[in-house]
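K.L.:
In case you want the letters, here they are:
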Amino acid sequence: MADLISILPQQLVFGLALGTVYGLIALGYTMVYGVLQMINFAHGEVFMIGAYIGWSVFAVLIDWSVGGLHPLWVLPVLLAPAMLLCGGLGMTLERLAYRPLYMRGATRLGPLISAVGASIFLQNFVMLTQGARMKVYMTNLVFPRTWRFNIFGVNVSALVIVIVVVSLLLMWGLVALIQRTSLGRAIRAVSEDREMATAVGIDANRVVGLTFFLGSALAGAAGVLVGLYYTQIDFVMGYSAGLKAFTAAVLGGIGNIKGAMLGGLLLGVIESLASTFINPAFKDVVAFAVLILTLVFKPEGILGEKLADWKKI
Amino acid sequence: MLRLDQVVTHYGPIMALKGIDLHVDRGEIVCLLGGNASGKSTTMKTILGLVRPTSGTVEFEGRILDGLPTGKIVRQGIALVPEARRIFGRMTVWENLMMGAYVRSGEPQREIDGDMERIYGLFPRLRERTAQYAGTLSGGEQQMLAMGRALMARPKLLLMDEPSMGLSPAFVDQVFDIIQEINRQGTTILVVEQNASVALSIAHRGYVLQNGRIVLADSAAALLAADDVRRAYLGED
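Those protein sequences? They're chains A and B, same order as listed.
Okay, so the first sequence: first residue is 1 according to this note's numbering, each after it adds one.
Okay, so the second sequence: first residue is 314 according to this note's numbering, each after it adds one.
Isolated chain A (complex conformation) (with noise of 0.2 Å):
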């Protein structure tokens, strides 16, 4: 037990790291439940592409400039690609795929299928144009491992540091994107009451679309991260990623912005205590029992019940 105590620190620190992370994909589930009230299952695939778009990236920065791979330079480079491309596939997976189905009058079951099935279609495309067989980030060239801080007594890589605060930064521009400006308050008014948000003149299509890029930004942002630091991808990547983000979108409240980084966060750490307390094989399990209870228990979320009592008035 005290060998566990010792390694806690350490394992926190990792679950925090992994907790923003999950919190930046959960974004893009719970932004797209609000504007279309439809949970988006293909948002882990476009987790996964922008996991290979940085490293499509990267491979050519290798292959360019041999050592010199400053990490202030590197990093952006490889996440402007991977996120304005994913922003773009977002919105193409809701202009292609959902909106004729939702236009018409579907039942939200439809929109729901679609989404798997467009989850399943990007999987073999990545499949069958990258192959089955990992892809390795050689994420030591940017981030060397001897690069670590002593914060707290807790010895921290520099990749982690960085991770926690790219996260932080993209969460923080995003609140402030929905809080403060025009755009944000259009994609607030629209997850509110659609047909009030049209009578203002709000073009609601344009809103969707726009959210789905945000939303699909930040999950090609989190792909790229999370290649940096597992440093092996592959086409599955996107589906437990997925359901784990979408896990942290119903613990926090789903449809609720701060509860979306709230429930990566916990779900992170959670993850990690039970990786140091009771075996890294169950992680997974305590995960999803995190999501079963939430369902059970609290279905609203968090952060979720202020948001349906605004809703009933």
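A couple of the hints might just be wrong.
Computed from the model, here is a short list of chain B residues facing chain A with C-beta under 7 Å [claimed, not checked]: (1) THR383; (2) LEU393; (3) PHE401; (4) GLU408; (5) VAL416; (6) SER418; (7) PHE484.
Worth flagging that the hints you see were computed from the coordinates, not collected in a lab.
Here a beta-carbon is modelled for each residue, glycine too, at the ideal position from N, C-alpha and C.
With the hints as your guide, set chain B onto chain A.
P.N.:
Coordinates of chain B only, in the frame set by chain A:
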């Protein structure tokens, strides 16, 4: 200013409007009376393009609105105060007013702030609660906010769907005073009401809608005196 010509609107197989003819002239307050499910709200939604007419035309300032997206129609100068207010409860009062000005996003903030001041002048309660979530306001305050939100679009024509619904009698009088005041300041108003006596007392003209058809059209004074109207809407025998 606004002209509906033989407008027919369906909800699926149900024909909600069965050929509506009505017009509103600049500067008027026109009242649309009718009971439940007579087609009043559908008329409003059809004008704004929230539902599409199956046949007939809606014309505003000489321009046919058919097929225009609602955003464009709002930009022509039509705003709606919807039935049951429909304020954005999870947004602050200030944000709700900003949503009303959404179609004016190109304009300098100074212009929008100026209009916001005018609305706070009209509804001082909203100024006190500017940072509060709209969902926490009382029913009357929400009605003020819904009116303020619509006015932020600087409409030439204001559509009001049952502004008296769920309000205390004293507050109803206040709301209708403000409607008259808005009209005096130059906004044309088409108001849908079940509360015929109050609505007709401020309107210039009125229409009576029944089962998706206009059954009466006259000056407000004549409608107030008409036996059918008194029986149907004023609860008199």
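K.L.:
So, for every hint listed, does it hold in this structure?
P.N.:
A quick look at each hint next to the structure:
| no. | hint | in the structure |
| --- | --- | --- |
| 1 | THR383 | holds (5 Å) |
| 2 | LEU393 | holds (5 Å) |
| 3 | PHE401 | holds (5 Å) |
| 4 | GLU408 | holds (6 Å) |
| 5 | VAL416 | holds (4 Å) |
| 6 | SER418 | holds (6 Å) |
| 7 | PHE484 | violated (18 Å) |
Against the hints set out earlier in the document, a violation occurs for number 7 only.
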